[in-house]
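Novice: Each chain, letter by letter, is given below.
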Amino acid sequence: MILILGALGDSGIGHLVHRLLDRKHRFLLLDPRDHARGFEMSWEMERGDMVGCLRHGGAVTPLAEVGAVYVHLLPVPDNTEEENRSRLATTHALLHAYLESTPVPVCNRPSCSATNFSKTYQQQVIAATGFAVPRTLVTNQPDAAGDFFEQCQGRVIYKSLSSIRSIVRRMTRSDLGRLDLLSGGPTQFQEWVPGTDFRVHVMGARVYPTEIASDATDYRYSNREGATRTMRGVLLPEEVTKRCLKLSFALGLIAAGVDLRRGLDGRWYCFEANPNPAFAFYEQFTGQRIADGLIDALLDGQGQG
Amino acid sequence: MVIIFAAPGDGLAADVREKMDEKGRECRVIPPPGPGSSFKFSWELPAPAPARIEWDGQRFPVDKIRGVLVRALPEPPQEISADSDRDYLCIEWHAALLGWLQSVTAAVVNRPKPGRSLRLPNLCAHSEKFRTVGLQLAPVLVTDSVSEARGFFRRCGRSVLVMPACAGRTVRVEDEEALLGGACCLIAVPDGVWRRIHVVDGEAFAEIIGDDGRQLSAGDALPESLARRCCTLVKLLDLDFLELLVVSGNGGDVVLGAEDLPGAVFNNAVSRDGVAGALIRILDAPRRETPQ
Chain A
1 MILILGALGD
11 SGIGHLVHRL
21 LDRKHRFLLL
31 DPRDHARGFE
41 MSWEMERGDM
51 VGCLRHGGAV
61 TPLAEVGAVY
71 VHLLPVPDNT
81 EEENRSRLAT
91 THALLHAYLE
101 STPVPVCNRP
111 SCSATNFSKT
121 YQQQVIAATG
131 FAVPRTLVTN
141 QPDAAGDFFE
151 QCQGRVIYKS
161 LSSIRSIVRR
171 MTRSDLGRLD
181 LLSGGPTQFQ
191 EWVPGTDFRV
201 HVMGARVYPT
211 EIASDATDYR
221 YSNREGATRT
231 MRGVLLPEEV
241 TKRCLKLSFA
251 LGLIAAGVDL
261 RRGLDGRWYC
271 FEANPNPAFA
281 FYEQFTGQRI
291 ADGLIDALLD
301 GQGQG
Chain B
1 MVIIFAAPGD
11 GLAADVREKM
21 DEKGRECRVI
31 PPPGPGSSFK
41 FSWELPAPAP
51 ARIEWDGQRF
61 PVDKIRGVLV
71 RALPEPPQEI
81 SADSDRDYLC
91 IEWHAALLGW
101 LQSVTAAVVN
111 RPKPGRSLRL
121 PNLCAHSEKF
131 RTVGLQLAPV
141 LVTDSVSEAR
151 GFFRRCGRSV
161 LVMPACAGRT
171 VRVEDEEALL
181 GGACCLIAVP
191 DGVWRRIHVV
201 DGEAFAEIIG
211 DDGRQLSAGD
221 ALPESLARRC
231 CTLVKLLDLD
241 FLELLVVSGN
251 GGDVVLGAED
261 LPGAVFNNAV
271 SRDGVAGALI
281 RILDAPRRET
291 PQ
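Just so you know, the sequences run in chain order A and B. Here our numbering is used: position 100 in the first sequence is 100, and no number is missing along the way. Here our numbering is used: position 201 in the second sequence is 201, and no number is missing along the way.
The set of hints was computed from the structure by calculation and includes no laboratory data. Worth double-checking, as some hints may not be accurate.
[Unchecked claim] In silico lysine-lysine, DSBU-like type, Cα no more than 35 Å apart, as pairs:
1) A:Lys246 with B:Lys113
2) A:Lys159 with B:Lys40
3) A:Lys242 with A:Lys24
With the rest of the complex left out, here is chain A (with noise of 0.2 Å):
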């Protein structure tokens, strides 16, 4: 059985719930949300050992019988009340704990999702897997943002370090009048890398590789920039695609959104690896199954480093 944490209400999470009932797999499906009204959890570990339960709708389920997880827990939204966010917190951090600790696989383990909370951190991974890697500064000081944009004749981007608030954005000349504002805290300014952009599922030892065309500064939000967006699904040359399992296997994941764009160079440059890739968005555009590719990943535990 494979237990999914998350809300029916998610794209991806509605879209695996959907797959798995097609193909009649079984599986126990537990939104977080409900934790301590819905369902309750406890388990126990002895001598490496893990026993315990789920109590959900007057059912008990052993976790024995879970035989791996899929999560996406959902922030929690900044107009929660005080009481729901401190419940939520526990919820949070009760499910954390399962899912550093239960032997079976889950996707993905927050350890291993944690790399994508420092981009720097995660971009010295993807390095070391052979992917190229667009110049950047961490700053808080004006004059090296300054610096760094006459240095890339202003072809630089800006984004967050961490997963909060990242949205890439281009920056401008006019952007030079408000650099000061970097000393309130860091911020991650790229060298812009013209090419094409490839986003490629990784699920577990199956790629899923997607082309994008758009003239928008972060193809996700073209819509916002009133640019436009077409995609479809392509294969990749082979060694890329050694380099997307590869990273994918180095941080521990068994589904990731690894962004790449092929420069105008011909080099391969990698952005980063998502441990919560929207597939259901992308699959919606080509066709591909990436769902499915989860699932079998899921089962047969692939990818866990």
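Knowing the structure of chain A, use the given hints to seat chain B on it.
Specialist: Quick look at chain B alone, frame taken from chain A:
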């Protein structure tokens, strides 16, 4: 030069700095940067030049840093409010330093990694490594059910440690009626001799502590085999420095807790000196060409 990121008043940071001064070696203690700090930071990767770090008006020659001891990093809150600029800046500083510390060729004690947590119950993920070296992890129950908690208490004997799931102090409970619910982690407490063991650079320093886990008593000669097993465990966990809470009794050596950012509270000078000295051996070692 050695850099220590530490909150003001950190005793171990002060000890290391004092010993470095005695050796005539340069050592600076910097508070973890955060919103409003005077920390100035520029770092480029792939690295064409060393990072630029300034704090309190002083510029640090990053290419001369031999070692970094991280006693504290900017600590993001457990639940992040995306609307809070303060939370956001704290998270960004944390992310920036994690990336930089991964890249520096200097020795970094317990080089920090995103998501690493060795506290119970997460420590259960490493139970195989404990078994390999002949240490046991104490039985643990994670629950939000009072009846499950009380059942565990009865099976364990006469007391458990109770660790709240989120924030809060771990307390010892010796009466099952005192288990009133709330999500928590319960750790079975065996009978035996309690030791707080600090392992650093392949050396173990122990103190016998009171069985309430807090009250400190006399110093201790650590059994050779236990010291060796603790040192091997730390290697398996890919760490340089770890604090373990171990109870030795008829059931063997049982680990009740571990901390890769030790509080480093000592009641005897031998342990205190020993830990600081061993840390300096790591921090003041010749520079490497590539990160560890």
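Novice: For each hint, tell me whether it holds in the structure or not.
Specialist: Verification of the supplied hints:
no. : hint                   : in the structure
1   : A:Lys246 with B:Lys113 : holds, 19 Å
2   : A:Lys159 with B:Lys40  : holds, 19 Å
3   : A:Lys242 with A:Lys24  : holds, 32 Å
No hint from the list above goes unmet by this structure.
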